[in-house]
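Novice: Please take these sequences and the hints and turn them into a complete structure.
Note that the protein sequences, when read in sequence, are chains U and W.
In case it helps, the UniProt record's numbering puts the first sequence at residues 1 to 261.
In case it helps, the UniProt record's numbering puts the second sequence at residues 1 to 467.
Derived by calculation from the structure, the hints in this document are not laboratory data.
The reader is advised that the hints may include incorrect statements.
Selected chain U positions facing chain W (Cβ under 8 angstroms, derived; list incomplete) [what the hints assert, rightly or not]: (1) Asn73; (2) Gly76; (3) Ile78; (4) Asp79; (5) Arg83; (6) Leu96; (7) Asn99; (8) Ser102; (9) Asp103; (10) Arg105; (11) Phe111; (12) Asn117; (13) Leu119; (14) Pro131.
Ideal Cβ positions, reconstructed from N, Cα and C, are used throughout, including at glycine.
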Amino acid sequence: MTRTNETRQPPVGQAEPRPGMSRPAVVVHGVHKSYRSGTLDTPVLRGVDLVIETDQLSVLSGPSGSGKTTLLNLIGCIDRPDRGDLTVLGRQVGALNDNQLSDFRRDHIGFVFQNFNLLPVLTAYENVEYPLLLAGVPTDERKRRVKAALDQVGLAAQLRHYPSQLSGGQRQRVAIARAFVKAPALILADEPTANLDSENGAAIVALMRTLQRQHNVAFVISSHDPQLKAHADRVYPIRDGRLLPPEATPVRAEIAAPSLV
Amino acid sequence: MFSLNSLALPLRNVMRNRRRTLVTLITLIVGEIALLIFGGYANAVVDGMQTGIVQQIGHLQIQRKNYFLLGTGSPMDYGIADYRKVIAAVEADPQLKNMVKVTTPLLQLQGIAGDFNRGVSRTVAGYGYVAADQNRMREWNEYRFPIEPKKIALPEGQSDVVSLGIGVARTLRLCDALTVPNCPKGEVADKNPGGKAMPDDIGALTELEAASPNLPASDGQPRLDVLAATANGAPNVINARVAAAESLGVKEIDDSYMAMPLEMAQQLVYGRDTPQVTSIVLQLRSTADIDTVRARLTRIIQDHGWDLEVLDYRTLFPAYDQTRGLFASIFGFILLLIGTIVLFSVANTMSTVVMERTVEIGTLRSMGMRRAGIARQFLSEGLIIGTLGTVLGCGLAVLCALAINSAGFTWTPPNSIEKIPLVVHMFNTPDLIVGSVAALLLLAAISSLLPAYRAARIPVVEALRHV
Chain U
1 MTRTNETRQP PVGQAEPRPG MSRPAVVVHG VHKSYRSGTL DTPVLRGVDL VIETDQLSVL
61 SGPSGSGKTT LLNLIGCIDR PDRGDLTVLG RQVGALNDNQ LSDFRRDHIG FVFQNFNLLP
121 VLTAYENVEY PLLLAGVPTD ERKRRVKAAL DQVGLAAQLR HYPSQLSGGQ RQRVAIARAF
181 VKAPALILAD EPTANLDSEN GAAIVALMRT LQRQHNVAFV ISSHDPQLKA HADRVYPIRD
241 GRLLPPEATP VRAEIAAPSL V
Chain W
1 MFSLNSLALP LRNVMRNRRR TLVTLITLIV GEIALLIFGG YANAVVDGMQ TGIVQQIGHL
61 QIQRKNYFLL GTGSPMDYGI ADYRKVIAAV EADPQLKNMV KVTTPLLQLQ GIAGDFNRGV
121 SRTVAGYGYV AADQNRMREW NEYRFPIEPK KIALPEGQSD VVSLGIGVAR TLRLCDALTV
181 PNCPKGEVAD KNPGGKAMPD DIGALTELEA ASPNLPASDG QPRLDVLAAT ANGAPNVINA
241 RVAAAESLGV KEIDDSYMAM PLEMAQQLVY GRDTPQVTSI VLQLRSTADI DTVRARLTRI
301 IQDHGWDLEV LDYRTLFPAY DQTRGLFASI FGFILLLIGT IVLFSVANTM STVVMERTVE
361 IGTLRSMGMR RAGIARQFLS EGLIIGTLGT VLGCGLAVLC ALAINSAGFT WTPPNSIEKI
421 PLVVHMFNTP DLIVGSVAAL LLLAAISSLL PAYRAARIPV VEALRHV
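Specialist: What follows is the structure, given as structure tokens:
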């Protein structure tokens, strides 16, 4: 990763924690990213600066092709920027090799996908258990955490169900439990409600918000779902690969417990 | 609650597309069966050949040095005079006692057999045997072929009889007397048909021998004159009864074979001189002991300062190794064909699997699985398919082998006129099963390597975007 020589605007949010504040979860500085299609380079991110605080639910908002998923991928350490610096949970991830990045994701980052991405040959229990297996968590501890996670998302009765035996909303709950079960410091969700109907979408949003607060985790979501924006602590609009000033979000003193479908 | 382990996920993935897995498994199963059945058949042929050879010439022979290379043309110059001492030394050796089944002398000679008065004769390869020892040798059946031991036609305990190969019997017009099969009818032995007259001195010698008071009166069995050169180069003739004709399984041998008691052969070759033999034949209880016994024999020979050498049946009968080599090359060719099919079949399956599960690869990688973990997973799936295919193939091949072995099929090998049981020897040595399983497993692993490597190299973002 290289730092650009351009004169930088200060990152959206704050580059350094203020006295008494915790370290930011993510610091993005001058990040550029292009995708090559044949001989043509298509810029997707054009010098993005961003600071995401811990313990907050942040939404990257924008239309299709705006670059929000690309930014989410960079923050999730599953892609590398062409230029710019990226610090995730205090770690300069640009300096990490592929194995180190894999280990970093395994230990610190959870993912929720638009299409749920559950492993079809594994039951709900086993899908949630899998990240703990990768992390080498002992059997007893694993069992306790998997059951607790599935209980939290309201699927204690569907432990043995395969993804094909679950509804869309239930699958996404399993995916959320899978992301939370290893107690990561950062969870990223790419359009988590895009494949759900409005009722299930609302329930999933409420669930994510509740879990985010219970676990005190930094939650970054790419979405243009207004429900999500309404629950967010911060909304970062992106247009044409550039980050716009954050939108104001409704102040929420209390989030009601989700009504589980 | 089922707990995932390293094999659970690959195993379930293998069962995910059952039809495709089944097709790949069938390729492996058929390949494994073909390899094992052909390999077992080749083993049976080679084992059968070894059995036939060992029954006739033993595992090892002690001979005068260079008799094998030079002595067959003049066997009289390469006799073992003190063969009884050699046999006694072998039989007295405590190490050899449990490994050697038969130790017996053999005198080979070249001669002419004929009824000179009827004008029929032919050259013969004579074998002076101890008939009882030869019959014990024919009981050897280490590989348990479903055959009954066949005694040699030379009667035990009689000193004035010979037996002939059926080809010799036909030539000497003894078809009716010896009930030889496949004799052309209407062929009448003319007086000296187209041949030269017997020299007068040989004729006189023959008549003298036939009138010998030492010979018992004829009991209706045909008689023959056997003419050979003595060790001193003088002609010697013995008149003998013909007990029977037998088939040795190879026409060329049947056309020249004549067996006689050792004493008769020694009298024919050495007259009143010290009797000798050309070989001392050793048959072992197990072929596996051959190197140990040979080393021990060599030591005994060295200790006694005898001018002898030890030769094994593979040296004495080179066609054995040639046949083994032939079957090994055919097996190798079949392995190459089957291996190629397995290689492409498994590779095709695994490539399709990787393509279908690209998003899953991205998901696992985003959860923190390293590239090596992805590669290991697909490699495991290839190995599971390989293991299932080869194990099932082995099981079915065993059933096929049992069916073939109990079906009672027979076949006639090349250069043979006797049918032998068609069997499959799969279990005599683990080499065949272990080797074929290992080869196909290795191929399955190799076939999975490239798809697994490609799966591991897919960028996470591309994998997640895959449609």
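Novice: Take the hints in turn and mark each one as holding or not.
Specialist: Right, here's what the structure says about each hint:
1. Asn73: Interface hint status for asparagine 73(U): holds (5 angstroms vs cutoff 8 angstroms).
2. Gly76: 7 angstroms, holds
3. Ile78: Holds, about 4 angstroms.
4. Asp79: Hint holds; aspartate 79(U) Cβ to chain W Cβ min 5 angstroms, cut 8 angstroms.
5. Arg83: 17 angstroms, violated
6. Leu96: At about 12 angstroms, which exceeds the 8 angstroms cut-off, the nearest Cβ of chain W leaves the hint on leucine 96(U) violated.
7. Asn99: Hint on asparagine 99(U): holds, closest Cβ of chain W at ~5 angstroms, below 8 angstroms.
8. Ser102: Serine 102(U) check passes; min Cβ-Cβ to chain W is 5 angstroms, inside 8 angstroms.
9. Asp103: This interface hint holds because 6 angstroms falls under the 8 angstroms limit.
10. Arg105: The hint holds - arginine 105(U) has a Cβ within 8 angstroms of chain W, the shortest such distance being about 4 angstroms.
11. Phe111: 5 angstroms, holds
12. Asn117: Constraint on asparagine 117(U) satisfied, holds at 4 angstroms.
13. Leu119: 6 angstroms, holds
14. Pro131: Check passed: Cβ of proline 131(U) comes within 5 angstroms of chain W, closer than 8 angstroms.
The structure fails hints 5 and 6 (numbered hints given earlier, in ascending order).
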